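**Student:** This is what each chain is made of:
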Amino acid sequence: NSKVIQTPRYLVKGQGQKAKMRCIPEKGHPVVFWYQQNKNNEFKFLINFQNQEVLQQIDMTEKRFSAECPSNSPCSLEIQSSEAGDSALYLCASSGTGGSQNTLYFGAGTRLSVL
Amino acid sequence: GQQVQQSPTSLVLQEGENAELQCNFSTSLNSMQWFYQRPGGSLISVFYNPSGTKQSGRLTSTTVIKERRSSLHISSSQITDSGTYLCAMERGYNVLYFGSGTKLTVEP
Chain A
1 NSKVIQTPRY LVKGQGQKAK MRCIPEKGHP VVFWYQQNKN NEFKFLINFQ
51 NQEVLQQIDM TEKRFSAECP SNSPCSLEIQ SSEAGDSALY LCASSGTGGS
101 QNTLYFGAGT RLSVL
Chain B
1001 GQQVQQSPTS LVLQEGENAE LQCNFSTSLN SMQWFYQRPG GSLISVFYNP
1051 SGTKQSGRLT STTVIKERRS SLHISSSQIT DSGTYLCAME RGYNVLYFGS
1101 GTKLTVEP
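Protein sequence lines, in the order shown, are assigned to chains A and B.
Taking my numbering, the leading residue of the first sequence gets 1, the next gets one more, and so forth.
Taking my numbering, the leading residue of the second sequence gets 1001, the next gets one more, and so forth.
Among the hints, erroneous ones may be present.
[What the hints assert, rightly or not] Not the full set, but computed from the structure, chain B residues with beta-carbon under 8 Å of chain A: (1) N1018; (2) N1024; (3) S1028; (4) Y1036; (5) P1039; (6) S1042; (7) L1043; (8) S1045; (9) V1046; (10) Y1093; (11) F1098; (12) T1105; (13) V1106.
It should be emphasised that the hints constitute simulated quantities derived from the structure, not laboratory data.
None of these values were measured; they are calculated from a predicted model.
Here a beta-carbon is modelled for each residue, glycine too, at the ideal position from N, C-alpha and C.
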């Protein structure tokens, strides 16, 4: 069973507001991912970190999101100015490195509704 | 376009029947994973399967990387198997690209 903890479970924001969500990865997992799952079940990779460093991110994340994974603190993903199209389930996942340790373990997600 | 194609989109079975779910990848990949998700639930990793066949209880996954395909076989389905099964491929940095899922409904 996954031990990735995401908060809050639900988040409601108005357009233009900031939306921030947090993730505590499984203990000992140095790699953290953020994905967006929309209402059509489509997944979009947003960003990943190894320890505190960004490995990869997509353009949208670079422009409108800020994310960090400080040591000894939860990872966070923040949308600077929420748009209606940002309404989705935001999933955090963590993994080890190498071979079968690459298995991703997901949290329960933060469901964001932008009104 | 979709890099990961899953079929069927949905499947309805009677309890005890077997299910075969397919996943095809349009590009080369390093590895793949199968996940299970209940409505409103988190993703649960079912198999990490870079290649070959793996079995866990009633579930068997077979991946042929060179042919860019993977299958998930569920034998003797149970009502509790109902949910969405997603496959995902990995091409680098452990970033996953997901299919749209197969929604499985097992009826009594």
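**Student:** Look at each hint and say if it fits the structure.
**Tutor:** We went through each hint and held it up to the structure:
1. N1018: Violated, because the Cβ-Cβ distance from B/N1018 to chain A comes to roughly 24 Å (cut-off 8 Å).
2. N1024: The hint is violated - B/N1024 has no Cβ within 8 Å of chain A, the shortest such distance being about 17 Å.
3. S1028: 17 Å, violated
4. Y1036: Violated - the Cβ of B/Y1036 stays beyond 8 Å from chain A, reaching only about 11 Å at its closest.
5. P1039: 11 Å, violated
6. S1042: Since chain A brings a Cβ to about 4 Å from B/S1042, closer than 8 Å, the hint holds.
7. L1043: The hint holds - B/L1043 has a Cβ within 8 Å of chain A, the shortest such distance being about 4 Å.
8. S1045: 5 Å, holds
9. V1046: Nearest chain A Cβ about 10 Å off; hint violated.
10. Y1093: 5 Å, holds
11. F1098: This hint holds: B/F1098 lies near chain A, its Cβ roughly 4 Å from the closest one there, short of 8 Å.
12. T1105: 15 Å, violated
13. V1106: 19 Å, violated
The earlier numbered hints that this structure contradicts are 1, 2, 3, 4, 5, 9, 12, 13.
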